[in-house]
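If you read the protein sequences in the order shown, they are chains R and X.
Each residue of the first sequence is one higher than the last, beginning at 1 in the numbering used here.
Each residue of the second sequence is one higher than the last, beginning at 1 in the numbering used here.
It is worth saying that the hints were derived from the structure and are not from the lab.
In this text, all values refer to a predicted model and were calculated from it rather than measured experimentally.
Hints may be right or wrong, so weigh each one.
Subject to a maximum C-alpha distance of 25 Å in a straight line, what follows is the list of computed SDA-like cross-link-like pairs (lysine to any residue) [unchecked claim]:
1. X:K68 - X:Y94
2. X:K95 - R:K11
3. R:K62 - X:G15
4. R:K83 - R:G3
5. X:K95 - R:Q59
6. R:K44 - X:I17
7. R:K44 - X:T102
8. R:K62 - X:K81
9. X:K95 - R:D56
10. X:K57 - R:K62
11. R:K15 - R:Y101
12. X:K81 - R:P107
13. R:K83 - R:N51
14. R:K44 - X:L78
15. X:K57 - X:Q19
16. X:K81 - X:E56
17. R:K44 - R:G3
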Amino acid sequence: EAGVAQSPRYKIIEKRQSVAFWCNPISGHATLYWYQQILGQGPKLLIQFQNNGVVDDSQLPKDRFSAERLKGVDSTLKIQPAKLEDSAVYLCASSLSGQRYEQYFGPGTRLTVT
Amino acid sequence: GQNIDQPTEMTATEGAIVQINCTYQTSGFNGLFWYQQHAGEAPTFLSYNVLDGLEEKGRFSSFLSRSKGYSYLLLKELQMKDSASYLCAPRGDYKLSFGAGTTVTVRA
Chain R
1 EAGVAQSPRY KIIEKRQSVA FWCNPISGHA TLYWYQQILG QGPKLLIQFQ NNGVVDDSQL
61 PKDRFSAERL KGVDSTLKIQ PAKLEDSAVY LCASSLSGQR YEQYFGPGTR LTVT
Chain X
1 GQNIDQPTEM TATEGAIVQI NCTYQTSGFN GLFWYQQHAG EAPTFLSYNV LDGLEEKGRF
61 SSFLSRSKGY SYLLLKELQM KDSASYLCAP RGDYKLSFGA GTTVTVRA
């Protein structure tokens, strides 16, 4: 079974530039999550999709971050414009629907904003 | 909101046992997960508890007390490959929240 795919793996940009991350979840997983993990901290949920609908985006900085999952499969997360404090690893995860199901994480995208 | 407290670091020798404690406060409760995260890698699922008591899975066990807002992860017969960060993640009403993680270092 293929895992969660993410690209790119690494990205370096200057502040005020824009960047986009892509995620393809495990086949059949209706729920998709984007997390931000700053060094030394646990992952912080940015947005959760159920199929192509948003379940929770309460911690997404909507003035600069956006995400979509148009066909209910793969997803993109965009930052525009980036700030220095956005430097982090952006993790995508997917799971079956239901609260007891574990999340499977992709390898992440390490973003450095200079 | 969610408050999750776990120790920052623990060190143990190969073959020993280590217990990682986690206390939490959540809005509602729908189970608690433990994840392992090696440096530079993504978290991987270890265990899930939704009822009080001990769940054993090979060398790893996880315990939950819902009334106390408390869980622990027990790692037995430690191996060098167990050196990693261990994340406590209670699920509240709507979402999973992760603690900052406990970095376990296994020494020969």
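Structure-based check of all given hints:
Proximity of X:K68 to X:Y94 is assessed by CA-CA distance (about 21 Å); at most 25 Å being required, the pair is judged to hold. Restraint check for X:K95 and R:K11: the C-alpha separation of about 28 Å exceeds 25 Å, so the hint is violated. A C-alpha spacing of about 48 Å is found between R:K62 and X:G15, which places the hinted pair above 25 Å, so the restraint is violated. Annotation: proposed proximity of R:K83 to R:G3 is violated, straight-line Cα distance about 30 Å (limit 25 Å).
At roughly 11 Å between alpha-carbon atoms, X:K95 and R:Q59 fall within 25 Å of each other, so this suggested pair holds. For the hint linking R:K44 to X:I17, the alpha-carbon distance of about 30 Å lies beyond 25 Å, and the restraint is violated. In summary, the hint linking R:K44 to X:T102 is supported, as the alpha carbons are separated by about 16 Å, within the 25 Å threshold. Among the hinted pairs, R:K62 with X:K81 is inconsistent with the structure: their alpha-carbon atoms are about 40 Å apart, more than 25 Å.
Taken as a hint, the X:K95 and R:D56 pair is honoured in the structure, with Cα atoms around 8 Å apart against an allowance of 25 Å. Straight-line distance between C-alpha atoms of X:K57 and R:K62 comes to about 41 Å, which puts the hinted pair past the 25 Å bound. For the hint pairing R:K15 with R:Y101, the CA-to-CA distance comes to about 37 Å; that exceeds 25 Å, so the pair is violated. With a C-alpha separation of about 19 Å, the suggested pair X:K81 and R:P107 falls inside the 25 Å cut-off, and the hint holds.
For the proposed pair R:K83 and R:N51, the alpha carbon gap of about 30 Å is over 25 Å, so the pair is violated. Between R:K44 and X:L78 the CA atoms are separated by roughly 29 Å; this puts the pair beyond 25 Å, and the hint is violated. For the given pair, X:K57 sits about 15 Å from X:Q19 by alpha-carbon distance, which is consistent with the 25 Å threshold. At most 25 Å may separate the alpha-carbon atoms for a hinted pair to count; X:K81 and X:E56 meet this at roughly 19 Å.
Of the supplied pair hints, the one linking R:K44 and R:G3 holds, its CA atoms being roughly 21 Å apart against a limit of 25 Å.
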